[in-house]
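Engineer: As a plain string of letters, each chain reads:
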Amino acid sequence: MHIDMVAMAQELNSHPDEGELEKYSMGDLREEEDRFEEHLLHCEHCQRRLAETDAYVAAMRRAAAAI
Amino acid sequence: MNSAVEPDVQTGPAPPDPSWCDLVERIRTADPSGMEGLYSILAKGVRYYLWRQLGPQDLDDKVHDLFLTVNQSIRNGELREPARLMGYVRTIVRRQVAADIHGAVQSRRTRVALDSGVPLSDHRPDPEHQMIERQNQDLAMRILGSLHKRDRQVLTRFYLREEPAEQICREMDLTETQFRLIKSRAKARFTELGRRRLAPRAGLSPVTH
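Chains as they are written, first to last, in the numbering used here: chain U, 47 to 113; chain B, 1419 to 1627.
Just chain U, same shape as in the assembly (with noise of 0.2 Å):
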């Protein structure tokens, strides 16, 4: 049960969470960028999920400025 979750502690801190993906997203994340950006070079997986927080982010940023 321990072990379990010690992996299962370690697999969650293996990729950056929903808000960090954002604040990279958004130019904002700074003193972890370093970790960030070294993880995203061989993460397919959160590399896909930067491409969405990105769409994302970016169709706000749109469709505020035009309501």
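By construction, these hints were calculated from the structure, which means they are not laboratory data.
Glycine residues also receive a C-beta, built at the ideal position from the N, C-alpha and C atoms.
Per the computed footprint, the stretches of chain U lying under chain B, defined by three or more beta-carbons under 8 Å from a beta-carbon of chain B, are:
{"hint": "1", "segment": "83 to 93"}
{"hint": "2", "segment": "102 to 112"}
Some, not all, of what chain B presents toward chain U, calculated at C-beta under 7 Å:
{"hint": "3", "residue": "1459"}
{"hint": "4", "residue": "1462"}
{"hint": "5", "residue": "1504"}
{"hint": "6", "residue": "1558"}
{"hint": "7", "residue": "1559"}
{"hint": "8", "residue": "1574"}
{"hint": "9", "residue": "1577"}
Given the coordinates of chain U, work out where chain B should sit on it, guided by the hints.
Structural biologist: Just chain B now, with coordinates in the frame of chain U:
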């Protein structure tokens, strides 16, 4: 770039812990599998990074040039800590991005001096991406239009005006949880609508090229 149609991937499997030391050693010894491994990483991760920073122009050439640079510098022994391969790659990529931007600025100055009005380069997305962007904007407008004025104001202040979350919460008397909920509900709705819209389509992200 793909739009927000992918399933929620936050809980997806973590990537395997890559053995950078092994990969670096294979590159150093000119083992073809090492170069293949490096290229497969750069062709995806670096491609996406460059596309995001510089746009689609000459992307394949830039990725290839970076591959050659990284490969050669590793073989020259310039990477002292193999476990830090991604940090090393990132440094080289960022240097390349800075050089490209500097070159573009210089080129622009020269061209403007020679012939005012000549565009620097075309960084606009291709027609298919433009269409996706328009559709995404329509979705976002539907979502914003369906919200209460106050929630719409929160999202506008955050995404458009880029006001800090703390400031928005303070001035609009919101808790951090309420703020996060407004954002996460809107994003979930966007993802859901996008998934419905693009379900039959193939992915268009540069990540998958």
